[in-house]
Amino acid sequence: MAERGIEGLAASRLWAATRFPYLASGVFGAQVIAEPDSGTVRVDEGWRMRADPELTAGWTAAQLGSVLIHHVCHLLRTHAERAQAAGVGPDEARTWIRAADAEINDDLVPAGLELPGRPVLPHHLGAPDGLLTEQYFDGIRARGERGGRGGDTTDRSAQSGAGEAAGSWLDCGSGADGVPRPGDGTGGLPGWQAELLRRQVAQDVLAHAKQAGTVPAGLLRWAEEFLHPKVDWRRLLAAELRRAVAQVAGAVDYSYRRPSRRAAVAGDVVLPALRRPVPEVAVVCDTSGSMTEDLLAMVLAEVEGLLRALGLARQVRVLACDTAVAPAQRVTSARQVQLVGGGGTNMGTGIAAAAALRPRPAVTVVLTDGYTPWPAAAPKGTRVVVGLLGADAPDAPPWARAVRVVPD
Amino acid sequence: MSVQSRSGNPAVEALGVAVAARVPVLLWGAPGTGKTSAIRAMAQTMGLPCETVIASIREPSDFAGLPIVVGGEVRFAPPAWARRLAEAGHGLLFLDELSTAPPAVQAALLRVVLERAVGDLMLPDEVAVVAAANPPEQAADGWDLSAPLANRLCHLDWQTDPRSVANGLAGGWAAPVVPALPAGWQAEEILARGLVAAFLQVRPALACAPPSDAASAGRGWPSPRTWEMAARLMAAAGASGAGDEARSALVRGAVGDGAGVEFLAWLVEMDLPDPEQVLADPASFRLPARGDRAYAALAAVAAAVAANPTPERWTAGWQVLGRAAGTAPDVAAVAARVLARCRPDGAALPAEIHLFAPVLRDAGLLQA
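Going line by line, the protein sequences match chains Y and U. Going by the working numbering, the letters in the first sequence line up with residues 1 to 408, in that order. Going by the working numbering, the letters in the second sequence line up with residues 409 to 776, in that order.
Worth double-checking, as some hints may not be accurate.
Below 25 Å or equal to it, Euclidean Cα-Cα: the simulated SDA-like pairs (lysine to any residue) are [to be verified]:
| # | chain 1 | residue 1 | chain 2 | residue 2 |
| --- | --- | --- | --- | --- |
| 1 | Y | K230 | U | R611 |
| 2 | Y | K210 | U | R749 |
| 3 | Y | K380 | U | S620 |
| 4 | Y | K210 | U | S620 |
| 5 | Y | K230 | U | A715 |
| 6 | Y | K230 | U | L614 |
| 7 | Y | K210 | U | N716 |
| 8 | Y | K210 | U | A712 |
| 9 | Y | K210 | U | A707 |
Example chain Y residues on the side facing chain U (calculated, C-beta under 7 Å, incomplete) [stated by the list, open to error]:
| # | residue |
| --- | --- |
| 10 | A17 |
| 11 | L196 |
| 12 | A246 |
| 13 | P397 |
| 14 | W399 |
Just a few of them, taken from the derived set where beta-carbon distance is under 7 Å, the chain Y residues facing chain U [unchecked claim]:
| # | residue |
| --- | --- |
| 15 | R13 |
| 16 | S25 |
| 17 | A57 |
| 18 | G58 |
| 19 | W59 |
| 20 | A61 |
| 21 | E240 |
| 22 | R360 |
Keep in mind the hints are simulated off the structure, nothing from the lab. We treat Cβ as the ideally placed atom computed from N, Cα and C, and that holds for glycine.
Could you put the whole structure together from the sequences, leaning on the hints where they help?
Next up, the structure:
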């Protein structure tokens, strides 16, 4: 804590830690360094803030404290990393920072942040509250492109930014846009420690919300997502499918039907050869009235893509099922699937119909909203992977591997 | 993350440490990102014989040994690459394309990876096992690693950072270096095991937590074996002077992200002074240098007093804050507000309280 030469820093941090107690770890975890003549307060990815003492001398403790909180939020929400992922170059950095500012300010300014100047709020960008930086950024870009030819978009938005806030626009630094600034240097908080600090703050936020319940909703959402990241259903579904196919293919992988190509060296021992059976796959689609067709089509396309990647595209048969089962269709594309049906549901008949197909499918994928009776025991001779469509679908039976598909 | 992008790829340093500690290691990365060339370059610069075995085009008998009848009994003959490594006495066994190996081959690899047994041949202890794999979602014909095989490896993510690619293209790729571990580094392993043991006392659920879903089964997960691996890697990282980033990658790679991060967070917390000890002897209190750590230490002291506010403890708490007020008046003032609210009956107003008046007034928190 070698912060000398910034007047009122202690008071501003105390203000910040008192007003936003759940962010106190972050506020105290950031190092503040005086950097004369920079004309701004900027932050780098190593949790170091560089402040122009002349600028901050004109601010109240609440204003400097608010800027500290604002910058900590840039770091918590990893705006620099996200800017790199979004491919933001130096020419678009300013636009990105405005979008990032909007993401932070939309709920913190109502919660009592007293930023100096005129802070960027979503309605300045013509966007609603509660979006992500990437969404605000795309919005600014799209508006810029509509307004003129592609080339000068960034200039335009930067100018309009300067015009709107008339000289009060401050550069938030490389910690907000990932573009290195001169004087950033190396060092600072190492990445893994920054990650632990973020985790600490997220835990503080959740704990505070449980006790007192006065945490801005956006920050709470960030903390929840940070501590319990949502796993993409596509990844889970892919892994479950691969596993089902691998278990079937791996279950009978030695065969004496053909001699091993290594038999020559083994003398009188007959060696089995490695056989990889190509499993048949059946997809049972719930077509009852409670299903949404768009979601079903999306998941079906995903399943088909996965099976094609596994080299099983030609082995797929699709059954549409409500209380009765439509005949199996051999399809080569999800678009060919005809969803006949409607009315009530019984997936038991669908699974039984799939098991009765010849050749018998080794893997059965069931896509349903879960509002259906299930067979009491697993069907014999086929592995069942269930895709549960919709956020509030009831649980699948324990004998099946289930993946929840929640549209994003 | 900040430092990764500045110093390049933390997996490079971690890879060197894992090889030095002879812990089987697996690099995950998209095809074409230089995993194979980095491992070959490492073997070359270290002068280690390197045997590359592409797991996906092998049969189980290549790893479990080919059965041959010799004098009425079946022997499992090892392939030539294993023979060469055994004769050299040291070297690198590089298993490429691990995730495209069919399940039966993965099963045959279990003993090779951990015990270095190929058929009837035992590879010498000095042989390091390194593997590379493409994430299943990037390799079309990929399989998820089976949970038992995943549990035998330290998983490192091979990241490609555009800046380090630019540097590599312009100035050549730096080969990972295997650090020389000082003699007797294993002594540190006992210490590291002690830390792991103490952590598992606090979080027994993490001693063994097999993954429940198929997607996370192919990565590191906590089990007694991986915790032992993590302790060994931590000791090796400490002995070789590796950076914190590499150490963190190694621990998380061995026991998985969730358990690894909790363990690392616990280690950081362990460095904080015990509030009861501080209250018993306020003069011994040393304020941690980093602001958030200082905050955590002082908040813990204030919370300990608030939980059991006797006049002696309350006064001792103020003495601690008084010692901190010089270097970090703001941090101490946050804790002071907690203390001020839990004044026990009969406690005299401490002198330290006046230290905080100016900063509280500046922050607009003091009614005049």
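Status of each hint after checking the structure:
1. K230/Y / R611/U: 24 Å, holds
2. K210/Y / R749/U: 21 Å, holds
3. K380/Y / S620/U: Judged against 25 Å, a Cα distance of about 23 Å means the pair holds.
4. K210/Y / S620/U: 28 Å, violated
5. K230/Y / A715/U: 37 Å, violated
6. K230/Y / L614/U: 21 Å, holds
7. K210/Y / N716/U: The given pair, whose Cα atoms are some 23 Å apart, holds under the 25 Å limit.
8. K210/Y / A712/U: 21 Å, holds
9. K210/Y / A707/U: Judged against 25 Å, a Cα distance of about 19 Å means the pair holds.
10. A17: For A17/Y, the interface hint holds, since the closest Cβ of chain U sits about 5 Å away, which is under 7 Å.
11. L196: 5 Å, holds
12. A246: 5 Å, holds
13. P397: Status violated, d = 16 Å.
14. W399: With a minimum Cβ separation of about 15 Å from chain U (threshold 7 Å), the hint on W399/Y is violated.
15. R13: 4 Å, holds
16. S25: 5 Å, holds
17. A57: Violated. Min distance 13 Å.
18. G58: At about 15 Å, which exceeds the 7 Å cut-off, the nearest Cβ of chain U leaves the hint on G58/Y violated.
19. W59: Nearest chain U Cβ about 12 Å off; hint violated.
20. A61: The hint holds - A61/Y has a Cβ within 7 Å of chain U, the shortest such distance being about 5 Å.
21. E240: 5 Å, holds
22. R360: 21 Å, violated
Going through the hint list in order, the structure does not satisfy hints 4, 5, 13, 14, 17, 18, 19 and 22.
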